[in-house]
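Chains as they are written, first to last, in our numbering: chain S, 1 to 366; chain H, 367 to 536; chain F, 537 to 875.
Simulated from the structure, these hints should not be mistaken for lab results.
Be careful, since some hints might not be right.
Some chain H residues close to chain F (C-beta under 8 Å, calculated; not the full set) [to be verified]:
id, residue
1, Leu376
2, Thr390
3, Gly429
4, Tyr435
5, Phe437
6, Val438
7, Met440
Where is the CB? At the ideal position from N, CA and C, for every residue including glycine.
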Amino acid sequence: MFDTSELTLNLGPQHPSTHGVLRVVLRLDGERVVGCDIVIGYLHRGIEKLCEHRDWAQIVLITDRMDYVAAASNNLGYVETVEKLMSLEVPRRARYIRTILAELQRIASHCLWLGTHAMDLGAMTVFLYAFRERELVLDLFEEYCGARLTYNSMRIGGLPLDIPPGWDKKVRTFCDILETKVAEYEELLTHNRIWRDRTTGIGVIDGDEAVAIGLSGPALRGSGVPRDVRKDEPYAAYAEVDFCVPIGTAGDTYDRYLVRIEEFHQSIRIIRQALDGLPEGPILGKVPRLLRPPAGETYHAIESPKGEIGFFIVSDGRSNTPYRFRVRPPSFCNLQALPRLVTGHLVSDVVALIGSIDIVLGEVDR
Amino acid sequence: MLEAIVFYTLATFILGFGVMVVTTKNPVHCVLFLVANFLCVAMIYVLLAAEFLAVIQILVYAGGIVVLYLFVVMLVNLRRPPDAQIDTRRQARVGFVLAALLLAEISAILMYSAVHPSSVATIAPQVASGGNTETVGMLLYTDYLVPFEVASMLLLVAMVGAIVLARREA
Amino acid sequence: MIHAYLVPVLKILVLLNALLVSVTFMTLLERKVLAWVQVRLGPMRVGPYGSLQPIADAIKLLLKEDITPVRADKWVFTLAPIVSMVPALIAFAVIPFDRDATFFGYRVSLFIADVNVGLLYLVSITSIGVYGIILAGYASNSKFPLLAGLRASAQLVSYEIAVTMMLVSIVATAGTLSMIGIIDAQYNARVWYIFLQPVAFVILFIGGLAETNRAPFDLPEAEQELTGGYHTEYSGMRFALFFLAEYANMIVVSAVATTLFLGGWLRPFPHVAVLGFLGYVPGWIWFLLKTFVFLYIFIWIRATLPRYRYDQLMRLGWKVLIPLGIANLVVTAILKVLV
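Isolated chain S (complex conformation):
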């Protein structure tokens, strides 16, 4: 009856809810999304190419800048890949401390996710609560390595520093605090009627399709696929600690939320076990002064807070730099699912879904 042409709405790259410089071009019928194109690349810095021109040891510092809210996880992924390439033995103590750092990083990253996700849905207080706890993690990192965001906290073959005296006690205190705070978040959100209405049944994706798209991390586990690199291909000290992999059932935004909330608890559990079993010993293994991995290629993945972050590195065995450096970033792969998830939902759900797949543009664009 009336002229009902589609409305094209440009969400971003300067939109408050696209978590950086993501641009989403939505095609709307009323407020219903009928199509969506994702435009990325606003934060492209050529990190992969850059890494091919840096010394092996210098690359750790560049990996900080990818997923800049989970720098330690990136560090860990890279150094383990190089260790695998060089068949280096990492001391047990270093592996334990790496595990603690990675889990602290997961908590920090999930805090950031929870805060921004809740903020996108209008629950502004949760944002500040979650950032308050993230601040505590940053303080712990600051005490460990002096930096609060880009840590540069790993070395090939081990760690640059041992933990400062008394640090383990502080981590334990933090774990106790966080447990009560997570209960606080849940009180504000999990059983909140509006929160449930906003998230249940939004962006439902079943396990098979999630795998086909290439989702990983909590976004995949929310759809009921129990895939966790920490469990399936254990690295660092994960084989020696006991933890569960929470999975969802419905594959909607609410389940992805629940999975991440449960991961807070699992991370606390892992940290406590790692602190209990923290062995004595050196923190840096036998590493040749001149790093020059033998010719060959390798792929190694770890479970970053956002999903599976993998490094594919080719060494020609002659130069001081990688011949080819390629990252499998979880944010980038998870972002592919967005058009599939938002179609048929309302504009308000788009921001819920962008938050739900938890992306960082530094990692998407690299």
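Following the hints, complete the assembly by docking chains H and F onto the known chain S.
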């Protein structure tokens, strides 16, 4: 004296806004002038000590119906394609006929009320005694019950019709 | 003779100024309360404990460049903030702060006008306020404000029905449309209407949140979805006017809720002689206190709840509040006839 000044000022405004409604090109501006017109009419009602009518005028027309007009005007693209040009001469002719009819109707009413002035006079004392909300309510549910119910039926039918029209083939 | 004109004009002047000042300081209250809920300090720099922050904000907004988008409809763009501000201000004409009070030996009534259609006047005036938002959405000639404008008009028109239905229940209970009459009726009934009409109170409060575009119904200005909604393209003082209008509307809703449900200027338990010492506090203080409680709850809710989605909001309005409102009205009417 004061009342007369206020009345004539308002009347000028009403006429002015009325002319603006039909002459303005931009449909949204037309609707805005219409709202202004309604507000001035409401003030005339206040001048006549008919507060209830004034408030209802604002509530129903300015606050309700015209908002929906605005909705439609904003949503529907009014920049017509050039091939759908409407014959302005025919429009003008129809307009003149309608205006003539309206003029005839108003003159008829005026003449009728000049011959039978009693119908206004009987209600006036009631207005003066109680609040006019009660008066309107009493009249609606006694003397004018049938027209009132017929009007509500008409609105119901219109509402059902609108829903039927707007419903897409599900 | 001169008093007949001077006193009302003075009252209007005082009220307008008091209102504008309190509206500006509402922004401070909101920021402070939100900050305390969120375990932070809020504004602390300007004045002791940030108490002069609103003045700094006002100066900043006044000095800012006033941008009008090139493709905007200039007249309507300028008109929109004014249209949203004016109804919020003139709504106060019928709000009774107290029956009368003595200032410098003069006895003055603390309301501008006691219209016998007071409540209807309020409803009709606030229904004009929606134009500000719609026009802002249209005039900006931009997609986000347009979407917000459509959301706002649908939301306000829907919730108005439920709210009006509740006001009718109150009118049926009190038997008058006059605001003062309603307070007197509560005095005579020896009970606040919040206890007689709890359903009406809840619906009116929810509707009030929705009509003032407050969380969790702040869809038309959802920053995270519509980048600020209808005032996306506004800057400087025009932007501020929208905000002031929102706060003024909050005060209107709170004042109306106080009048209708909390007995307006009446002290708690006005018939209990033991609590007579409460009578030493002037009625208008009681009125302001009660209004303040509502304003605080407004902010508290904003700090606590996530936002509704558009379709959920409509469902709540049409499928829950309006049927409940009609049922409440019918029950009230039946009881009124029986008792």
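Status of the hints after comparison with the structure:
no. : hint   : result
1   : Leu376 : 17 Å, violated
2   : Thr390 : 11 Å, violated
3   : Gly429 : 3 Å, holds
4   : Tyr435 : 11 Å, violated
5   : Phe437 : 6 Å, holds
6   : Val438 : 11 Å, violated
7   : Met440 : 5 Å, holds
In summary, the numbered hints that this structure violates are 1, 2, 4 and 6.
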